[in-house]
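Heads up: the sequence shown is residues 1325 to 1585, going by our numbering.
These are calculated hints, taken from the structure and not from any lab test.
A portion of the hints provided could be inaccurate.
[To be verified] Simulated restraints on C-beta separations:
id	residue 1	residue 2	range
1	1381	1416	16 to 24 Å
2	1428	1360	40 to 48 Å
3	1455	1532	29 to 37 Å
4	1357	1570	39 to 47 Å
5	1356	1443	20 to 28 Å
6	1369	1416	19 to 27 Å
Note that CB positions come from ideal geometry on N, CA and C, so glycine has one too.
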Amino acid sequence: MALVAAGAVVIGLAQQPSASEAATTSLTKMPTGTVVSNGRTWKQTYAEDFSTAAPRGSVLSKYPGLGAYDGYRDTSGRGLYAPDKVLSVKDGKLDFWVHSENGQPLVATVLPDNYRAHTTGRVSIRYKTTDTPGYKFVGMLWPTDDDWNKGEIDWPEGDLGSTARPASAIPGSMRNGMMSFDGSVQKPTKSAQSSGYHVATTEWDHGVVRFYWNNSLVSVTRKAVPTDPMRVTLQAETAIGGSVPTSASGHVDIDWVSIWD
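My request is simple: use the sequences and hints to build the entire structure.
Listed below in structure tokens is the structure:
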């Protein structure tokens, strides 16, 4: 299974949206129902606020609609997907506990609405992270058939404790096993992922992808827009560069996830 995150360089500063561009996602309460944004009416197909407690080892049985990678290596190749040792739900939060056991970094990727295929989509999450060396978090829209050449949308993405930034691959741009990304969208947030809860919203429409951070527009691409079916994934895994200290232990907490088509 190909699981490769964007690796382009971050450039630029966050933009401020006009009133017509502002996202309509709540910054605290999980949004439910239809959303009207940028002239389109989005119909909700998934909403989860993790109200059922689930100790580690029981999340996938208590949330049967939640998909997860298990037994695969992560993007850097150093982490091992081990959902039963990483995931739990407590106090209304899905917790990713990234850590090492016997020298092996353990990580997790979940698919909120399983392997559901989307041809466009609006994905919103409320989350926070710890400041943990050696690990990163990324929300991703990834081709359902795992053909990376069809594109990739990453938001939010960043090492734990750092700022986040969006990225989007240009469909059909693969050369020598690597994709080209629209560098113009890769604008870092002003606040770190570990500074408290934040809401990140991806709006993938026909011919355009928009990225919002706490209801402010970060960037837009009309160049790197997938047209093939994609699935939603949330990945807490080892960072692409640097070391992964075996003593490092940290968390990514997801308060809620909402998805519209």
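Here is what the structure says about each hint:
Taken as a hint, the range 16 to 24 Å holds for the pair residue 1381 and residue 1416, whose Cβ atoms sit roughly 19 Å apart. The hint said 40 to 48 Å for the Cβ distance between residue 1428 and residue 1360, and at roughly 47 Å that hint holds. Distance hint check for residue 1455 and residue 1532: the Cβ-Cβ separation is about 33 Å, which falls inside the suggested range of 29 to 37 Å. At about 45 Å, the beta-carbon gap between residue 1357 and residue 1570 stays in the expected band of 39 to 47 Å.
Range check, residue 1356 to residue 1443: Cβ separation about 22 Å, and the 20 to 28 Å hint holds. Restraint check, residue 1369 to residue 1416: a C-beta distance of roughly 21 Å satisfies the suggested window 19 to 27 Å.
The structure meets every hint from the earlier list without exception.
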